[in-house]
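These protein sequence lines map, in sequence, to chains A and B.
According to our numbering, the stretch in the first sequence is residues 1 to 199, in order.
According to our numbering, the stretch in the second sequence is residues 1 to 97, in order.
One or more of the hints may lead you astray.
The calculated DMTMM-like cross-link candidates involving lysine to aspartate or glutamate, where the alpha carbons are at most 20 angstroms apart (straight line), are [stated by the list, open to error]:
{"no.": "1", "chain 1": "A", "residue 1": "Lys80", "chain 2": "B", "residue 2": "Asp4"}
{"no.": "2", "chain 1": "A", "residue 1": "Lys81", "chain 2": "A", "residue 2": "Glu91"}
{"no.": "3", "chain 1": "B", "residue 1": "Lys25", "chain 2": "A", "residue 2": "Asp90"}
{"no.": "4", "chain 1": "B", "residue 1": "Lys86", "chain 2": "A", "residue 2": "Glu91"}
Across the chosen pairs, the derived CB separations fall in these ranges [what the hints assert, rightly or not]:
{"no.": "5", "chain 1": "B", "residue 1": "Thr59", "chain 2": "A", "residue 2": "Glu7", "range": "29 to 35 angstroms"}
{"no.": "6", "chain 1": "B", "residue 1": "Thr59", "chain 2": "A", "residue 2": "Lys188", "range": "29 to 35 angstroms"}
{"no.": "7", "chain 1": "B", "residue 1": "Asn42", "chain 2": "A", "residue 2": "Ala77", "range": "52 to 58 angstroms"}
{"no.": "8", "chain 1": "A", "residue 1": "Ile161", "chain 2": "B", "residue 2": "Glu34", "range": "48 to 54 angstroms"}
{"no.": "9", "chain 1": "A", "residue 1": "Ile70", "chain 2": "B", "residue 2": "Lys3", "range": "55 to 61 angstroms"}
{"no.": "10", "chain 1": "A", "residue 1": "Thr65", "chain 2": "B", "residue 2": "Lys60", "range": "36 to 42 angstroms"}
{"no.": "11", "chain 1": "A", "residue 1": "Lys188", "chain 2": "B", "residue 2": "Lys60", "range": "31 to 37 angstroms"}
{"no.": "12", "chain 1": "A", "residue 1": "Phe104", "chain 2": "B", "residue 2": "Asn48", "range": "14 to 20 angstroms"}
{"no.": "13", "chain 1": "B", "residue 1": "Phe79", "chain 2": "A", "residue 2": "Lys8", "range": "21 to 27 angstroms"}
If you are wondering where the hints come from, they were derived from the structure by calculation, not from laboratory data.
Beta carbons: idealized from backbone N, C-alpha and C, even for Gly.
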Amino acid sequence: MEDSFSEKQSLELITGMINKAKNKFSESGTLYLVWGVAILICSLSQFVFGNILGYKNAYYGWFITWIVYIYQAIFLARKKKNQKVRTYTDEILGYVWICFILCFFVMIFILIYTKSFTLIYSAILVLYAIPTFLSGAILKVKSLIIGGICCWVLAALSMFIPLQYHLLLISVAVIVAWIIPGIYLRNKYLAQNKLAQQF
Amino acid sequence: MFKDLDPILHSQLRLAAMSILISVKEAEFTFIKEQTNATAGNLSVQLNKLKDAGYIDITKQFKNNYPLTVCKITDRGIFAFEEYVKALRSYMPENNK
């Protein structure tokens with residue numbers, strides 16, 4: 001690169017470089033898909049084994065989530081290791097999901113402590129909506145924004161639906177809020193990588 | 001009235017590196033090298049000039065036993081970059097009518 005260049009070229013260079021860095025889309029959608037599928041399996045299995053087949057310990061299926069937590073920790077550690085650039089978007093998204101996890105556990109604790117078991121699934125739906133909606137707004141991904149709004153609608157609907165069907169609302173929520181946007185993000189990420197390999 | 005352009009920033013490679021660093025929180029040396037298509041030696045010299053001017057912070061670490069250089073823009077760097085862009089705008093024909 002030569003040092004003599006015009007003011008117009010300077011502005012073009014700045015714009016080009018900022019766009020290059022800005023378009024570095026690092027969200028692969030993997031965790032949306034993994035969590036979406038895991039929660040879908042857990043909620044459906046609890047609904048089928050508990051509400052239809054009448055097993056008392058149908059909630060055991062939720063222990064799968066611990067495997068997903070371990071996978072997530074490994075996945076994030078690997079991602080950090082391979083990441084050459086850290087954007088402000090990555091940082092903000094990280095904080096959004098930390099807030100969600102903290103709110104989730106505090107809310108579950110409060111609901112169990114106060115024996116408000118009937119509200120657990122509605123509260124979970126409200127909480128699912130927050131990081132989904134915010135991630136959609138930050139990443140400018142419409143399907144996540146729509147998914148977040150759907151979670152809030154489902155949470156409101158849960159007030160009019162018998163408790164035994166609330167697990168089905170959770171299943172619908174994770175399909176709309178995490179699995180569908182997860183597939184979209186995955187395809188976008190793979191397309192970006194394919195494009196990057198061509199140049 | 002034309003404003004003076006900051007000579008530290010008015011160099012293609014240094015400006016390219018600063019433009020990348022203003023858009024991200026931090027970036028590895030290899031990332032800046034890939035984006036600017038510069039040689040490692042030239043980029044290293046230019047980044048050190050930016051560091052000496054106080055526009056960026058350079059941290060040297062180790063990752064998997066390999067040296068890793070991470071660059072981050074400073075508040076002074078952000079201010080200088082903004083002033084540079086303001087000065088550039090004064091050169092645009094629409095601002096000189």
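For each hint, the structure was consulted:
no., hint, verdict
1, A:Lys80 to B:Asp4, "violated (41 angstroms)"
2, A:Lys81 to A:Glu91, "holds (15 angstroms)"
3, B:Lys25 to A:Asp90, "holds (9 angstroms)"
4, B:Lys86 to A:Glu91, "violated (28 angstroms)"
5, B:Thr59 to A:Glu7: 29 to 35 angstroms, "holds (33 angstroms)"
6, B:Thr59 to A:Lys188: 29 to 35 angstroms, "holds (31 angstroms)"
7, B:Asn42 to A:Ala77: 52 to 58 angstroms, "violated (34 angstroms)"
8, A:Ile161 to B:Glu34: 48 to 54 angstroms, "holds (52 angstroms)"
9, A:Ile70 to B:Lys3: 55 to 61 angstroms, "holds (56 angstroms)"
10, A:Thr65 to B:Lys60: 36 to 42 angstroms, "holds (40 angstroms)"
11, A:Lys188 to B:Lys60: 31 to 37 angstroms, "holds (34 angstroms)"
12, A:Phe104 to B:Asn48: 14 to 20 angstroms, "violated (46 angstroms)"
13, B:Phe79 to A:Lys8: 21 to 27 angstroms, "holds (23 angstroms)"
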